[in-house]
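Letter by letter, the chains look like this.
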Amino acid sequence: MIILVMAWRNIWRNKVRSAIIMCSVAIGLVAGLFVLSLYKGILEDRVSTVIHTEVSHIQLHHPKFKEDYEAKFVVARTDSVLSKLRGVPGIKSISARTVSQGMLMTGTGSTGLQIIGVDLANEKLVSQLDSKIIEGAGFGGKRKNQIIIGKKLADKMHLQRGNKAVLTFIDPESNIVSAAFRIVGIYRTDNAPRDERLVYVQRDDLNSLLAIGASAHEIAIILDDVNSVEATASSIKALFENMQVETWSEISPETKLMIDTTDSYSNIFIMIIMLALSFGIINTMLMAVLERSREIGMLLAVGMNRAKIFSMILTETIFLTLTGTPLGILITWLIVQIYQTKGIDISSIGGMTMSEFGFSSMIYPAFPWEKMPNELMIVTGAALFSALIPAIKAIRLKPVEALQK
Amino acid sequence: MWLALAWKNLWRNKNRTAITISAIFFAVILSVSASSLQDGVFDNFIRNMVGYYTGYIQVHQRGYWEHQVLDNCLSQNPTYEANLNSLSNIAAVAPRIESYALASSDETSRGCLVVGISPDEENKITSLQKRIIAGSYFARADSNAVIVSEGLLKRLDLRISDTLYLISQGYHGSMAAGKYPIKGIMKFGAPELNDQLVFMPLKTAQEFYSAPGLLTSYVLGLKTDSKLSSTVGAVTELSAGMEYEVMSWKELLPDVDQHITMDKASMFIILIILYLLICFGIFGTLLMMTVERKYEMGMLVAIGMKKWKLAMLFIIESLLSVLLGCLAGLVASIPIVYYLKEHPIRIGGELAESFKRFNFEPVFPASMELATFLTHGAIVFCIGLILSVYPVIVALRINPVRAMKK
Amino acid sequence: MVPMLSLLMALFSYLQHQELTAQQVVQKATDKMRGETSQASLTIRTVRPTWNREMKVKTWTKGEKFAMIVVESPAKEKGVAFLKRNKEVWNWIPTLERSIKLPPSMMSQSWMGTDFTNDDLVKESSMVEDYDHSFRGDTIISGRNCHIIQMIPKPEAAVVWGKLIICIDKDDFIELHTRFYDEDGTLLNTMNAYDIKLMDGRLIPTRMEMIPADKPGQKTVLIYSNILYDKPLAETFFTLQQLKTIN
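The listed protein sequences correspond, in order, to chains A, B and C. Under the numbering used here, the residue at position 285 of the first sequence is numbered 285, and the numbers go up by one with no gaps. Under the numbering used here, the residue at position 302 of the second sequence is numbered 302, and the numbers go up by one with no gaps. Under the numbering used here, the residue at position 158 of the third sequence is numbered 158, and the numbers go up by one with no gaps.
A few of these clues could be false.
[As the list claims (entries may be wrong)] In silico BS3-like links for lysine-lysine, alpha-carbon gap of 25 angstroms or less: (1) A:Lys156 - C:Lys215; (2) B:Lys187 - A:Lys64; (3) B:Lys179 - C:Lys244; (4) B:Lys154 - A:Lys64; (5) C:Lys197 - C:Lys170.
Quick caveat, the hints were computed from the structure, so don't treat them as lab data.
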């Protein structure tokens, strides 16, 4: 008890020193947590770009469909599949798509592409197609054969909103089907090659041209929580045995690779930052002990035993860490709150110009709640470890020498 | 005289000096190894991505990249090749001719990318031989056989030594058709490559496409990848007067470049945070040092030492200790970075799986560049000096009576 | 009675001539060129700014649905044959000794390096059915009186053009000149026909040029050396078996 009181008093006795150590802990925590927030922001952004515009969380196909994109390999009894899927917990939105490999022709040229038939109302909840449209309003009115094409394709084929394009594709009986479509919108995502290759039409139009009734080739699913992808995928697999069920990481392994790389090396740099923090605290504490050598020598001289001095210095550090920690968390939380919605424009950093980036040079940090326990342990551990060396140093002091100075 | 006095002062309290110097020392080590690791991770990632198929630099006929058809071929040019090879940073020059074709088996047909390669040169850049999972690599440059990517083969339902039928449009609208025995199978992690690549020796491909002596590209491998931009400059200069376009991987793989630029920028933020911590560590040390030496300062001023002289002394002391710390840190970081380069950090878990899938080695090696050492040594030196202003200010404003009261 | 009848006939045909709609004129011109069946030998010349290529082929057609093309020269491609049955195209390649059905991915590719695509071989659009035709005046081409007819695609028709201007000889129903526009009125392609000769009893142009407007120095020329019309050709002629043995 006496040690607690002494430690408490010591903290208040030398406010400058205490403030420095407290700030070291707080700043270390802020640094570590902020770096984690940045990475979480980057990763979430990247995953969600890929998931929410391209692959979605889970996709269902006829097991043979993706081999050759043949129109006949539809999801069997699409309607009943859809209604069964609606009963699966954790699913947020579902879009049934009719997919056809085909060709777009204009008077001056033609190009191969993938035609995706969607119900915009469902599709926008899965791929946010509506928010990517930069010209026009998307599908509207009763008019048949409307098409939304990518900006890149529009530029390549010199197409504009209101123009006509002829789509040619193969129906389930291997007949070639052609139809004229009217461009009602132009979309743009960050992935230009994809914008050149994918066009969207209304599913009813495509289905009637393909004569496949209400069937679909692809069912794209968005879940409430990205972490439940594997679990939900396996429960969907159990529901539909004869279907190909893939998660986003199976559909896009490159994205997975990039994300895992970022995730992994962020951990290494967290370690380095923690090392820097520890060195800072150790040095500061060491200096503090030097400064206090007279005081400690005195305590030793008046008969306080070394174990008590040791625990006194440790207790002091623990107090300071305990005060520094919530401060650090609070500051980080505040910073993240500010930048979470505003974003950090990294194009202004390091002299790199906006043109070097695509459209998303913004980082929106996200507070890494799930990594908090780990982070707290590391910081507290670093602080305690840093206190150990000075504490050992302190009990090794010889009272006479220390007082002499 | 000043120097000697400062030097003596440093030695007088070894403990304190050691702590100050170690603050600088660790700062240098940390910042140097952090940025070496950082550069190394990116370089390695680029090396992996580029070594996958694209190469660091490609040379095409002007206009080929915009409109990738055989009619935009360039003529094989031995003089030019020799000139390229004689450039100091060029490790290999691999000629390629590539175009899309229809591959078919008895059952089915499917689009593919038929690439004619020079087996030895190609292997130096993309290590194709390592990707063989069955059968063998081209032993001779004129063998009339193909190596097919695993995914394509599976979809065509073919096996080793079966016949692959290829049809396409050749040079100047001619018809390209041929049948070839399958000699080997290659596996690529990226589905778009694994599902459509067919390799054959250059001569065979030129015959297939009716394009004797023609190439779509020269793919260049580098000895030192950090000299990319100067090498691009040298190649461009070499290609002056010829209708060639010289493109670096940044133009060939803009999405990878963008990803890396993004990551580098975020890394920059992390370096700033690291430096912030370093500043704070050094400052904390200096602050405590000042607190500890207040008595001494007060004493010196009380016995008549001019304050500016005291400040001068402190400046020189700081200069010496910062310098010592920096030098020691630089010397100590050389073996550390070297170790991290030679024995790179191995990664496990999911990432190792993803890396394996792409045939990348799951490691994070550090890069060892003189510039990194010097830059970060200099930055820490400056930070140390700037922060040393604090004890100087304290010395200038010292009130001897109050300082000695304690 | 007989003169009376012939007079009536003459009057009838006169009236009929007068009453021809723009659509009927186009119909007559198309029917004339195509016939019930046709067998032709022709040279296809591909002209590019830096190179030229000449190919001799033989063709057989029956209505819109069936066609066969066999390449006779150059030597490297001799025997390469194409069969169109309804909307499918098969390609016989002698060096591979097999025929391959052209997949949709190859449809947009140029046919044998010409300004035609594989898809042009199977295109379903019909000059008669898919357009609204109207007269737009008269003109004289190579000394022949021609109708100028404007053709606007019907809204639902799978036609890439926005408008066609076609010039057809008034007496002999020969399509002499066609301009293809997009919907903004930009000229995309021009077709000119020359060298009108009597072939198997029909007066037809024997040289046709297709000139893309946006590619200077580029065109494709078809030169007919011989055409036979309306010789009986069974549907069984247009089979994969025939494709292999046609040479």
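Here is what the structure says about each hint:
Our distance criterion of 25 angstroms between C-alpha atoms is met by Lys156 (chain A) and Lys215 (chain C), whose separation comes to about 16 angstroms. Between Lys187 (chain B) and Lys64 (chain A) the CA atoms are separated by roughly 21 angstroms; this keeps the pair inside 25 angstroms, and the hint holds. Distance hint between Lys179 (chain B) and Lys244 (chain C) is fulfilled; the C-alpha atoms sit about 18 angstroms from each other, no more than 25 angstroms. In summary, the hint linking Lys154 (chain B) to Lys64 (chain A) is supported, as the alpha carbons are separated by about 13 angstroms, within the 25 angstroms threshold.
Of the supplied pair hints, the one linking Lys197 (chain C) and Lys170 (chain C) holds, its CA atoms being roughly 17 angstroms apart against a limit of 25 angstroms.
Consistency with the previously given hints is maintained throughout, with no hint failing.
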